[in-house]
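The whole structure should be built from the sequences, with the hints applied where relevant.
The listed protein sequences derive, respectively, from chains W and B. If you use the numbering used here, the first sequence corresponds to residues 1 to 471, in order. If you use the numbering used here, the second sequence corresponds to residues 1 to 507, in order.
Treat the hints as calculated values from the structure; they're not laboratory data. Each hint should be verified, as a subset may be incorrect.
Stated by the list, open to error - Partner residues are not named here, just some residues of chain W that face chain B (Cβ under 10 Å, in silico):
| # | residue |
| --- | --- |
| 1 | Ser317 |
| 2 | Leu368 |
| 3 | Thr380 |
| 4 | Thr399 |
| 5 | Phe414 |
| 6 | Pro458 |
Beta carbons: idealized from backbone N, C-alpha and C, even for Gly.
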Amino acid sequence: MPVLPEVILAGMVCVILLIDPFLPKSGRTLSYVLSLATLVVLFAVTVFGMSPEVRLSFGGMVVNDPMSDLMKLALYAGLALVLILSRGYLKDRGIDQGEYYMLALSGLLGMMILVSANHLLLIYLGLELMSLSMYAMTALKRDDGRASEAAMKYFVLGALASGLLLYGMSLLYGVTGGHLMLTDIAQAVSTGPSSLALKTAVVFIVIGAIFKLGVAPFHMWLPDVYEGAPTAVTLYLATIPKIAALAMLLRLLVDGMGGLMVDWQPILIVTAMLSMALGNVVAIAQISFKRMLTYSTVSHVGFVMLGVLAGTEAGYSAALFYTLAYVVMSLGGFGMILLLARQGYEAEQLDDLRGLNDRSPVMAFVFLLLMFSMAGIPFTLGFWAKLAVLQAVVGVGLTWLAVFAVITSVIGAFYYLRAVKFVYFDEPIDRSAVNSAWSVRGVLAVTGLIVLGLGLYPSWLTGLTAQAFGG
Amino acid sequence: MPNFSWPMLSLIVWLPILAGVLVMAFGSRRPNAARWFALISAVLVLLLSLALLPSFDLHTYAMQFVERAAWIPQFGIHYHLGVDGISLPLIILTAFTTVIVIISAWEVIQEKPHQYLAAFLIMEGMMNGTFAALDAIVFYFFFEGMLIPMFVVIGIWGGPRRVYATIKFFLYTFLGSVFMLIALIYMYFKGGSFSILHMQQLPLTMTEQVLIFLAFLIAFAVKIPMWPVHTWLPDAHVEAPTGGSVILAAIMLKIGGYGFLRFSLPITPDASSLLDGLMIALSLVAIVYIGFVALVQGDMKKLVAYSSISHMGFVTLGLFIIFLIAADPINMNHSGVRLALEGSMVQMISHGLISAAMFLSIGVLYDRLHSREISTYGGVVNTMPWFGAMVMVFAMANVGLPGTSGFVGEFMVILAAFKANFWIAFAAALTLIIGAAYTLWMVKRVIFGEVVNAAVSTLKDLNAREAWMLGSLVFLIILMGVWPNPLLDLMHATIEHLAQQALTSKL
Chain W
1 MPVLPEVILA GMVCVILLID PFLPKSGRTL SYVLSLATLV VLFAVTVFGM SPEVRLSFGG
61 MVVNDPMSDL MKLALYAGLA LVLILSRGYL KDRGIDQGEY YMLALSGLLG MMILVSANHL
121 LLIYLGLELM SLSMYAMTAL KRDDGRASEA AMKYFVLGAL ASGLLLYGMS LLYGVTGGHL
181 MLTDIAQAVS TGPSSLALKT AVVFIVIGAI FKLGVAPFHM WLPDVYEGAP TAVTLYLATI
241 PKIAALAMLL RLLVDGMGGL MVDWQPILIV TAMLSMALGN VVAIAQISFK RMLTYSTVSH
301 VGFVMLGVLA GTEAGYSAAL FYTLAYVVMS LGGFGMILLL ARQGYEAEQL DDLRGLNDRS
361 PVMAFVFLLL MFSMAGIPFT LGFWAKLAVL QAVVGVGLTW LAVFAVITSV IGAFYYLRAV
421 KFVYFDEPID RSAVNSAWSV RGVLAVTGLI VLGLGLYPSW LTGLTAQAFG G
Chain B
1 MPNFSWPMLS LIVWLPILAG VLVMAFGSRR PNAARWFALI SAVLVLLLSL ALLPSFDLHT
61 YAMQFVERAA WIPQFGIHYH LGVDGISLPL IILTAFTTVI VIISAWEVIQ EKPHQYLAAF
121 LIMEGMMNGT FAALDAIVFY FFFEGMLIPM FVVIGIWGGP RRVYATIKFF LYTFLGSVFM
181 LIALIYMYFK GGSFSILHMQ QLPLTMTEQV LIFLAFLIAF AVKIPMWPVH TWLPDAHVEA
241 PTGGSVILAA IMLKIGGYGF LRFSLPITPD ASSLLDGLMI ALSLVAIVYI GFVALVQGDM
301 KKLVAYSSIS HMGFVTLGLF IIFLIAADPI NMNHSGVRLA LEGSMVQMIS HGLISAAMFL
361 SIGVLYDRLH SREISTYGGV VNTMPWFGAM VMVFAMANVG LPGTSGFVGE FMVILAAFKA
421 NFWIAFAAAL TLIIGAAYTL WMVKRVIFGE VVNAAVSTLK DLNAREAWML GSLVFLIILM
481 GVWPNPLLDL MHATIEHLAQ QALTSKL
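Here you go:
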C-alpha cells in the first residue's frame, strides 16, 4: 500500500491525542516514547516500500519515487533527533505537553503529503497541515508574549503566502484548461508560448513556494518567529520543513511547470542572490546567536535555490544534498542553544558561548565543526554541499552567479569565525562544566560525526541524492 | 616505476591527521603522554617521507607513488595522489618542520598542550595532502582545510591582538581561494576531469586563460604573499605563537609558490607569458619596497615577517622571469629558464629552513623575557654565547652569504635575471644590500652591543632541547649551502618538463 506510512502516522496522531488526557500532569513520557516508536515504524515501512521506480496511486494524485522515499526517511530521522534534543528543554520549561508531540507528528504528516503530492489540491492540503501545526507549535508557551507575537506574525504572513500560492494555482488551473494533476499541467504548459496569465501564475506560485523556505525577500517572518518561539520549537521549524518546502518547489516548478523554466529561472536567480547577500551581511550585525543562525538560514536557502535554478538533474540533487546538509548543521547549531540552556535561563546570546572549550572540549569541537561546515570549509559536509551547487550553476554556464555566491560566502565566513572565537578564544563567564542530559550531548555528537564523516567521505549521500533524481 | 606495497602517500597524509585526533583525545590531564605521542608520530612521518627518497626515480618527470581511486563519482572527483621532483622536497620539508615545531613547544606551551600539538599534526597531514594532490578538488580540500587548525592555533595561543590577526588571516586566504575553486570547476566542465595533469593539457583560449590565471593569482598571491595583498602576514606572524609562525613562514607561504608551479605556469602558459610584466613588477616591489619596510621594524617578528615577503619575492621573480629569458634569442637552449625555476624552488626550500630558524630563535628569546621588541635586548651574546653563534649563522643565511642555503637560491635567480634584463637583475640584487642591512642591524642590536636591560644579564643559554632544535637547522642550512646538488638532482627532470610546458603555447 503506497500510503501506508501516512495512514499509520495519522492513526498515531489520533492515539497520542486521545491518551494525553489520561496521562499524569507531571510527564508525557508515554507520548514521547510513542512518537519515537512511530518514527521507527515509519522508517521501517518506508525502507521496505522503497523502489527505484515512480509509483503513482489514487488516480495519479499521490506519487512515490526515489526522491520522496529519500526525503521521507530524512524527515523521520530529523524529527527523531529533534524530539530527543527537545525533551529536556520542554520539561524544564513546563511545556512538555501532549500537544507538542501531536503537532509535531501532524506537521510531519503534512510534510509527507507535500513530498508525495502530484496534484495541486494535495499540495495545498499538505502545506496547510504542515503550516497550521507549526503556527500552533510556535505559540506552545501561550503566556509568553514573545512567542504569541511570533505565532501571530507567522500565521498572518503564512496565510498571506498560502493565499498567493492558491491564487497562482487557480490561474494555472484556468490557463491550462482545468488541470490539477501536475503531469497534466506539465503537458499543457509545454505546448504553445506562455501567456501573461501563465507568467503571473508562475510568479505567485514561486512566491508561495519559497515563502516556507524563507528565501529573501520573503524571509521577514523568519528572524522574529525563530527567535520568539521556544528553542525546542525553533529546532523543529528550522530543520525538517525545509525538506518538504524543497519538495514542494521541485514538484511545482520541475514536475508541473518544467516547460516554463525561462519564466521561473530569473525569479529564482534574483531571490537566490538576495538571500545569499542579505542573509550573510545581516547575520554579521547580530549579537543573538539564535538570530545569527536564523540569518544564516536565509543565506543557506539561497544556496539551495542555486541548485534548483540550474534546472538540471545534477542541480536538483545538489539542492537536495545541500538541504539535507543544512538540516544536519542547523540541528546541531540550534541544538547548541539547548545544550547551554539551563532551567530558567535561555542561552541565546553569542556571549553565552564564551569559553565553551574550557567547559566541554568535545562539545566545543562539535561546535567548531558545525560552524566551519556552515561556512563551507573542507573536511566538513558543508563544503561538499557548496561545491555541489556551485558545480551545478557553473555547469549551466552561470559562472558569474557562482562567483557572486562565493563572495557572499566569504562575507558569511566572518560571523561563523566570530562564533568560533567566542567558544575557543574567550574565557568562560561561567566556569561550571556543561551538564546537560546525555541525550542532548549524544545527539550533538552525532551531528558532529555526520558533518565530519560525510565531510571526508560524502559519496554515500551524494549517491543517494543522485539516485533520487534518477542519476 | 618504483612502488611500495602499501600506499605511502596516503600514510604520510592521513597518519598525522589520525595521530592529531588521538593526541586531542589524551586530554589536558596527561600532557607528557600527549607530547611524546605527538613527537613519535611526527618522527615516524618524517621517516616515512624520507623512505620515499631511495626509490624515487630521478630520471622522469612523471608522477611517482601514484594512488588513484574514485572518491565522489557524482562530482567527478578522484582521490588522486602522487609526487614529483617539486612536491617531494616540500613534503620532506613539511615533515621535518613539524618535528621541530613539536620540539619547540615541549615545555613552552602549558595551556592545553594536547590541542596545540594536535592542531600541528593535523596541519601537517593537510599540508602534505596539498603537495601530494593530483586532483584539483583534493588539492583545494587540503589547501582550504588547513586554515582551520591555523585559525585555532593563532586564536588560542596567540598574542594580545590574536583575534583580529587570525580572522584577518582566515578571511584573506579564504577570499583568495574561492575564485580558484570556481576556475577549477570551470575547467572541469571544459575538459571533463578534475585531474591536474589533465588540466595541464587542456586547450584554453586567451580570454579563458587570463581569467583563470587571475583566479589562481588571487589565491596564490595572498598565500605567498605578494605585495599588495601581504598585509595579513605581519599581523598573523606577530600574534601567532612560535610554532604557528614557523609553519606559516616555512610551509604555508611555499604552498603559494607551489601553486604557481603546479597550476598557473602549466595550465595557463599564455596568460602567464602575457602578464609576466605585472608579476615581475609585483615581485620587485616586494623585494625592494618590503625590504625597506623591514628595515624600520622595532618588533623582531614583524621584521622577519617582512623579510619573508621580500624573500618570497625572489620566488615569484624566478617563476615569471622565464618568459623574458625565453623571449631573448640568445638563450636558445633554455638553460636560463631552468636556472630560474630551479633557483625559485631552492629559494623556497632554503627560506623554509631559514625563516623557521629565525622564528625559533625569536621564540627562544621570547620564552625568556616575553618581549619581541628589539629595544628590550642588547648584548645577549654575553649571557647566551651558543645562541648568539647560531643566530649569527641564521642571519648570514638570511642575508645570502655564500656557503649557506640562502645564497644558492638567490644567486641562481639573480643570475637568471641577468639573462633577461640587466635592470631587473640589478633591482633584485639590491636586496642583498637591504637584506644585509635589516638582518645584521637587528642582530647587532639584539645579540651584540652593551647590555642595557638588567634582565638580559640573567639569561640562561640554550638548553639541550633548544640546542638540538636550532643545531639541526644550522646543519641543514650549511649543508644545503655547500652541497645543493642532491636537491637539484631531485627536481631536475620535473623542472625540465615544467619549463617545456610553460613555454609551449596552448593557443
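Hint check results:
no. : hint   : in the structure
1   : Ser317 : 7 Å, holds
2   : Leu368 : 8 Å, holds
3   : Thr380 : 9 Å, holds
4   : Thr399 : 6 Å, holds
5   : Phe414 : 6 Å, holds
6   : Pro458 : 6 Å, holds
Every hint, counting from the list given before, is met by this structure.
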